[in-house]
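My request is simple: use the sequences and hints to build the entire structure.
Each chain, letter by letter, is given below.
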Amino acid sequence: MGLDQVPHNFVTARLEDVVRWGRRNSVFPATFGLACCALEMMATGAAHYDLARFGMEVFRASPRQADLMIVAGRVSQKMAPVLRQVYDQMVEPKWVISMGVCASSGGMFNNYAIVQGVDQIVPVDVYVPGCPPGPETLMHGILTLHEQIRTGELLRRREASPTGGAGIELGREPAGLPTG
Amino acid sequence: MADDTAREADHEGAGDDDAPEAPVAAAIADEVAAAVVARYEGSVFVESHGQPVVYVDRAVMADVATMLRDEEQFTMLVDTVVVDHLLDGTRLTVAGIVPERFEVAANYLSHARNRRLRVICEVPESDPTVPSLTPVYPGANFPERESYDLFGITFEGHPDLTRILMPDDWHGHPLRKDDAAARVPVTFKGDPSPR
Amino acid sequence: MTDAWEQEEARLERQTDEGAQELRASTREVVLAGGGMWPEDDLGDTMIINMGPQHPSTHGVLRLMMELDGEDVLRIKPVIGYLHTGMEKTGEELTYVQGTTNVTRMDYASNFANELVYSMAVERLLDVEVPERAVWIRMMMCELSRMASHLLFQATNGMDIGAVSMMLYGWREREEVLRIFEFVTGLRMNCNYIRPGGVAADLPDGWEQRVLDVCDIVTAGVAEYDELLSQNPIWLERTVGLGVITTEECLERSITGPILRSTGFAWDLRKAQPYLAYDQVEFDTIFTSNGDVYDRYRIRLFEILESVRIVRQCVERMPFGDYRVQDKKLTPPPRARIDESMEALIHHFKLFTEGFKVPAGETYVSVESPRGEIGCYMVSDGSGKPVRMHIRGPSFYNLQSIDPMGSDSLVADAVAIVSSIDPIMGEVDR
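Listed in order, the protein sequences are those of chains A, B and C.
Numbered by our numbering, the letters in the first sequence go through residues 6 to 185 in order.
Numbered by our numbering, the letters in the second sequence go through residues 10 to 204 in order.
Numbered by our numbering, the letters in the third sequence go through residues -16 to 413 in order.
Be aware that a few hints might be false.
Here are some chain A residues pointing at chain B (derived, C-beta under 10 Å) [as the list claims (entries may be wrong)]:
#, residue
1, Ser81
2, Gln82
3, Pro86
4, Asn115
5, Asn116
6, Ala118
List time: in silico EDC-like cross-link candidates among lysine to aspartate or glutamate, alpha-carbon distance up to 20 Å [claimed, not checked]:
#, chain 1, residue 1, chain 2, residue 2
7, C, Lys368, B, Asp169
8, C, Lys60, B, Asp97
9, C, Lys368, B, Asp97
10, C, Lys368, C, Asp110
Covered stretches of chain A (chain C as the covering partner; in silico rule of three or more C-beta atoms under 8 Å from a C-beta of chain C) [what the hints assert, rightly or not]:
#, stretch
11, 26 to 39
12, 95 to 105
13, 132 to 140
In case anyone wonders, no lab produced these hints; they're calculated from the structure.
Positions of the beta carbon are idealized from the N, C-alpha and C atoms, including for glycine.
The structure is reproduced here in structure tokens:
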């Protein structure tokens, strides 16, 4: 994982390559474990399926310090505004991995309570299927994201994704504090 | 009156075959159920797959709870559940009980006597209120809030009857049979959102 | 320097016993008497802050609203519903054959407990008896699942209180158990293995040796955690005397499981109202009497060892026989038969499209999950789908213990207390 992916040494390399190298080799995920997928996400960070070799074992609690939001688990109607708020609080550049089928499409819970795909709320870069996806599947998704970062644009602003994503304005304020 | 005598006779000598009985009173081998049936007029005992169940009038739900806690050593209310029978195929009929759309079931456990009892009451759709068990068993706080949230049953005497699982501004009661389709139509990329 | 060291030790000793609570109370009194940190502080002002629902230390999406007076927590109120999945509504739309896939995702740390209680409720409504081998397989898988869940608790509890290395150790052993699940059922989690009628498939060849190896590995791991934490002064200072709850408070709030057992009340459904084959195996009920965070940590630690004991007995005494009830109307035929027999094809088709029908009735079945009493209240109406499928998730009730435990503690302690309740939000919100 050294500078081998950068064609020239860093003195004569293109700035974009060095910046992309830096971005993908230390992506800090934000803790957004919701349900069963969170346990497999923790397993991916644990000793056997080590995420530290990608520089990603520090799950930042504060979204301000995080680059990647792995939405691990089913997103309920009550949680959706919270999800959007955390995504908005993250600083650019930021990526979203939708982990598991519940986050990608509502999964087996096709009903009133679950948002049918987190891409209704935030723009997603990589969808990882599985219920829950094993750590190896999640790592494949993460490496796919690394590849996207390696070949992607540096200064793009995220567009609205066709399903809604960044373009959605959540007009409703998060639920107020219950009384009592 | 013959019914009361029959119940009393059963209460004294549980499982006594000689006592004249109404079909329901004959089977009260469970003495706690017998005590409840004896105390509250109109209650019916049923044995459901080996478990004792008593159907009572909804007005006395909290009184039954108090009696079980104070006199019969039922230390814990395990659960309260609401059932919506609007779309039933075949409904379980209980002799002597008028079936309504909703049923509220309370499961009790006595640690000292190591036994359980279920108490069920019928709740009509036109007036979905039941006395709350929270003053008797504080552990009923959360499940009654959930029943209110998902079914719209009001529990009189509950200290904080607000939504617990759905967002606070949600309309409707999702677990009712005539509310909230359980399946959202499948959409594809580019389709307008189902909501 | 020796004097200062002795003073330090004396202070440490004083704080590592029940006196910790008194110390905090007396500190608070001093603060109140003296008027607070700043002379102009109005001590009548309390602050209500919000912890969660997105927070690394709240075991899933639990939101806690705390009324704070400085660092002291006066009251805690849990707000739930952030993981409400409508599983009970979905359960009414799925057939009895499909139902376990739904239920297994409620308490996602110990999947087999959910599947077991659902399957037992269906079997009771059908009045079928499960073959003996299936009973023992179920028991063994449930105990392995209890081990996996308690190892998860050790990992997350340790990390929440500050022993971050516990996260890696706990997961290391849990991986071994998950590997057994994958070996037997095909999936690491959400296995859908225990189904109405028995289990989905028989145990594969070579399972005995692998299960015994896992037992050895987990026993060694538990010994390591014990050595790391149980006499560690930092651990003791952070957990002893904290989050105390009494038996009366537990019983009136419908709290079961390790929390109830930590108050001195030795109630375990596996002993009191045995199900499966628990009355034929030897194991102890672990309980303590102080009702604090440390006790709950120790109970769960030793319950892992009791589960290992039960699993070893299952390996020795596993009976031969069918792994699923041999009723053509309930159990799908083996795949090979479908090529040969038209009847088998029809049964397979009917079972997987319509499912089997369950006569009208209602029942409540409960077992001991790692978190307490998990129950299934099921109402059927003669069709292929339940009228009402309600799971009594123990964490839903156990969360009501936050109030007596968390009032009058510090903010950092609130994290430890919630962690010791070990809630799984999947079964809280369903």
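Now the hints, each set against the structure:
1. Below 10 Å, beta-carbon pairs count as interface contacts, and Ser81 (chain A) has one with chain B at about 9 Å; its hint therefore holds.
2. Given the 10 Å rule on beta carbons, the hint for Gln82 (chain A) holds: about 6 Å separates it from the nearest Cβ of chain B.
3. With 10 Å as the threshold, the beta carbon of Pro86 (chain A) comes within range of chain B, its nearest partner Cβ sitting at about 9 Å, so the hint holds.
4. Of the supplied interface hints, the one on Asn115 (chain A) holds, with its beta-carbon coming within about 5 Å of a beta-carbon of chain B, less than 10 Å.
5. Taking 10 Å as the C-beta cut-off, the interface hint given for Asn116 (chain A) holds, the closest approach to chain B being about 5 Å.
6. Here the hint on Ala118 (chain A) is kept, as its CB sits about 7 Å from the closest CB of chain B, short of 10 Å.
7. For the hint pairing Lys368 (chain C) with Asp169 (chain B), the CA-to-CA distance comes to about 34 Å; that exceeds 20 Å, so the pair is violated.
8. Proximity of Lys60 (chain C) to Asp97 (chain B) is assessed by CA-CA distance (about 38 Å); at most 20 Å being required, the pair is judged violated.
9. At roughly 10 Å between alpha-carbon atoms, Lys368 (chain C) and Asp97 (chain B) fall within 20 Å of each other, so this suggested pair holds.
10. Annotation: proposed proximity of Lys368 (chain C) to Asp110 (chain C) holds, straight-line Cα distance about 17 Å (limit 20 Å).
11. Proximity of the stretch 26 to 39 of chain A to chain C, defined as three or more residues with a beta carbon under 8 Å from a beta carbon of that chain, is established by the 4 residues found.
12. For the stretch 95 to 105 of chain A, the stated coverage by chain C is violated: 0 residues have a C-beta nearer than 8 Å to a C-beta of that chain, whereas at least 3 were required.
13. Here the stretch 132 to 140 of chain A counts 3 residues with a CB under 8 Å from a CB of chain C, which clears the bar of 3, and the coverage holds.
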